[in-house]
Amino acid sequence: MADKVSFEMVSPDRLLKTADVDMVIVPGMEGDFGVLPGHAPLISTMRPGVVEIHDEGNDVEQIFVRGGFAEVTTEGVTILAEEAIAMADLGRGQLEQEVSYAREDIDDAKTDEARDRAQHKFDQLIQLLDALD
Amino acid sequence: MPNLKDLKNRIRSVKSTQKITKAMQMVAASKLRRAQESAEAARPYAERIERVLGSLASSMVGNEFAPLLLAGTGKDDVHLLVICTSDRGLCGGFNSSIVRAAKSHIQELQAQGKTVKILCVGGKGFDQLKRVYEGLIVDTIIMRAVRNISFTDAKAISDRILHMFDDNEFDVCTLFYNHFKSVMTQILTAQQLIPALIPDPEESTTGDPQSGTAGGAIYEYEPEESEILETLLPRNVSVQILRALLENAASEQGARMTAMDSATRNAGDMIDKLTLNYNRTRQAVITKELIEIISGAEAI
Numbered sequence: 001m002a003d004k005v006s007f008e009m010v011s012p013d014r015l016l017k018t019a020d021v022d023m024v025i026v027p028g029m030e031g032d033f034g035v036l037p038g039h040a041p042l043i044s045t046m047r048p049g050v051v052e053i054h055d056e057g058n059d060v061e062q063i064f065v066r067g068g069f070a071e072v073t074t075e076g077v078t079i080l081a082e083e084a085i086a087m088a089d090l091g092r093g094q095l096e097q098e099v100s101y102a103r104e105d106i107d108d109a110k111t112d113e114a115r116d117r118a119q120h121k122f123d124q125l126i127q128l129l130d131a132l133d
Numbered sequence: 001m002p003n004l005k006d007l008k009n010r011i012r013s014v015k016s017t018q019k020i021t022k023a024m025q026m027v028a029a030s031k032l033r034r035a036q037e038s039a040e041a042a043r044p045y046a047e048r049i050e051r052v053l054g055s056l057a058s059s060m061v062g063n064e065f066a067p068l069l070l071a072g073t074g075k076d077d078v079h080l081l082v083i084c085t086s087d088r089g090l091c092g093g094f095n096s097s098i099v100r101a102a103k104s105h106i107q108e109l110q111a112q113g114k115t116v117k118i119l120c121v122g123g124k125g126f127d128q129l130k131r132v133y134e135g136l137i138v139d140t141i142i143m144r145a146v147r148n149i150s151f152t153d154a155k156a157i158s159d160r161i162l163h164m165f166d167d168n169e170f171d172v173c174t175l176f177y178n179h180f181k182s183v184m185t186q187i188l189t190a191q192q193l194i195p196a197l198i199p200d201p202e203e204s205t206t207g208d209p210q211s212g213t214a215g216g217a218i219y220e221y222e223p224e225e226s227e228i229l230e231t232l233l234p235r236n237v238s239v240q241i242l243r244a245l246l247e248n249a250a251s252e253q254g255a256r257m258t259a260m261d262s263a264t265r266n267a268g269d270m271i272d273k274l275t276l277n278y279n280r281t282r283q284a285v286i287t288k289e290l291i292e293i294i295s296g297a298e299a300i
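Here the protein sequences come in this chain order: A and B.
At position 124 of the first sequence the residue is numbered 124 (our numbering), and the sequence of numbers has no breaks.
At position 147 of the second sequence the residue is numbered 147 (our numbering), and the sequence of numbers has no breaks.
It is worth saying that the hints were derived from the structure and are not from the lab.
Take the hints with a grain of salt, since some may be wrong.
Claimed, not checked - Pairs of lysine-lysine residues, derived as DSSO-like cross-links and limited to a Cα-Cα distance of at most 27 Å, are as follows:
#: 1; chain 1: B; residue 1: Lys22; chain 2: A; residue 2: Lys17
#: 2; chain 1: B; residue 1: Lys155; chain 2: B; residue 2: Lys22
#: 3; chain 1: A; residue 1: Lys121; chain 2: B; residue 2: Lys22
As the list claims (entries may be wrong) - Listed next, with one range per pair, are the computed distances between beta-carbon atoms:
#: 4; chain 1: B; residue 1: Gln107; chain 2: A; residue 2: Gln127; range: 24 to 34 Å
#: 5; chain 1: A; residue 1: Ile106; chain 2: B; residue 2: Arg34; range: 49 to 59 Å
#: 6; chain 1: A; residue 1: Leu15; chain 2: B; residue 2: Ser104; range: 44 to 54 Å
#: 7; chain 1: B; residue 1: His163; chain 2: A; residue 2: Leu15; range: 44 to 54 Å
#: 8; chain 1: B; residue 1: Ala156; chain 2: A; residue 2: Leu36; range: 34 to 44 Å
#: 9; chain 1: A; residue 1: Ser6; chain 2: B; residue 2: Glu230; range: 46 to 56 Å
#: 10; chain 1: B; residue 1: Ser262; chain 2: A; residue 2: Ile106; range: 52 to 62 Å
#: 11; chain 1: B; residue 1: Ser96; chain 2: A; residue 2: Gln127; range: 52 to 62 Å
#: 12; chain 1: B; residue 1: Ala29; chain 2: A; residue 2: Leu36; range: 40 to 50 Å
#: 13; chain 1: A; residue 1: Leu36; chain 2: B; residue 2: Ala23; range: 50 to 60 Å
#: 14; chain 1: B; residue 1: Pro223; chain 2: A; residue 2: Asp107; range: 19 to 29 Å
#: 15; chain 1: A; residue 1: Asp105; chain 2: B; residue 2: Glu108; range: 39 to 49 Å
Ideal Cβ positions, reconstructed from N, Cα and C, are used throughout, including at glycine.
Only chain A is shown next, with the shape it has when bound in the complex (with noise of 0.2 Å):
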């Protein structure tokens, strides 16, 4: 279909979601991008963050990832989640622990590269507890 996007979404135990949709919003290492019909090839990874998957006006489904890759073809996006949670499931709870395994990750990292990385990661998941408040 010209005027969709086809959203597949597969962590990898499973399938979650195949459907097509308006627009979907990937959070990019790099920065969110939306895509839309007719977006052009891209590989990105993902930092840990939220999917928001547009269809039909308003409804606006949120699927929280803890990274992963996404790659969108001229048919649609293929996201390849490492582990996926639908917002609405996704308590405060969860996502504290979340943060708490990355200060682990901090303490734990051998070199200067994979602190960085699990800093980053850190921050990242410090400013989504802030957006779900």
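Once you've looked at the hints, dock chain B against the given chain A.
Chain B alone, transformed into the frame defined by chain A:
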């Protein structure tokens, strides 16, 4: 003439064996359904990550900065074989077929003068391999305590492998497992993990109609290709291991189910034979007693 009491005991023992195999078959059948579902659910992710990797990798061909996981170390002297088997027995030829394939692979590599190292996942593979290749086994990972194989389990294994790779302990890594095709058939698969094999673009277009246009498209990358590859490649290793473990788990239950089914049937045949024998013997004993009585009466 076989003893009546002995026959009776044998029939009883075969019957109780049959009960056990029957129960195991039913347990395997119910586990199979779950294992099959999770194995099939894991396939899309593994296939897609392979596709993304394929399109990324083809753009990196010939690039001297390509990550080692993709390009390899430039040697193939030391091979690491990851052999996934089950932890429990009584599943027909499931484990032996994997071990047999691994053994022939080891012999082939050794004939070429390569060094072979083995990482066993699952206790049965270790049991069968340790007799011949004990010195080659680096480690054994027992999954017995794990009920539902999750990504974390696969990641633990892949972390270990990647750690060994970083320490230059091997050059090529191959994964052995049984691919679940149907309950009756498992396809033995040897998959090269490191360096990552780039799927042939023509092959992947026939497999997936969607990638027909996607395969030829030129992607933009965000961030750089090499950065994406750096996270994608280790991830691919864990995902492929997860897939192997799940496929293996489903295959194991399938193999056990068929093995136990035929065991139950064999036990049934044996019971029939023994019962026939028992009845014949019983009648022979009666006839003998009658003859003795009659001939005794005639003699008087």
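Going down the list of hints, with the structure as the test:
no.: 1; hint: B:Lys22 / A:Lys17; verdict: violated (39 Å)
no.: 2; hint: B:Lys155 / B:Lys22; verdict: violated (36 Å)
no.: 3; hint: A:Lys121 / B:Lys22; verdict: violated (52 Å)
no.: 4; hint: B:Gln107 / A:Gln127: 24 to 34 Å; verdict: violated (56 Å)
no.: 5; hint: A:Ile106 / B:Arg34: 49 to 59 Å; verdict: violated (37 Å)
no.: 6; hint: A:Leu15 / B:Ser104: 44 to 54 Å; verdict: violated (36 Å)
no.: 7; hint: B:His163 / A:Leu15: 44 to 54 Å; verdict: violated (31 Å)
no.: 8; hint: B:Ala156 / A:Leu36: 34 to 44 Å; verdict: holds (40 Å)
no.: 9; hint: A:Ser6 / B:Glu230: 46 to 56 Å; verdict: violated (29 Å)
no.: 10; hint: B:Ser262 / A:Ile106: 52 to 62 Å; verdict: holds (56 Å)
no.: 11; hint: B:Ser96 / A:Gln127: 52 to 62 Å; verdict: holds (54 Å)
no.: 12; hint: B:Ala29 / A:Leu36: 40 to 50 Å; verdict: holds (48 Å)
no.: 13; hint: A:Leu36 / B:Ala23: 50 to 60 Å; verdict: holds (57 Å)
no.: 14; hint: B:Pro223 / A:Asp107: 19 to 29 Å; verdict: holds (26 Å)
no.: 15; hint: A:Asp105 / B:Glu108: 39 to 49 Å; verdict: holds (42 Å)
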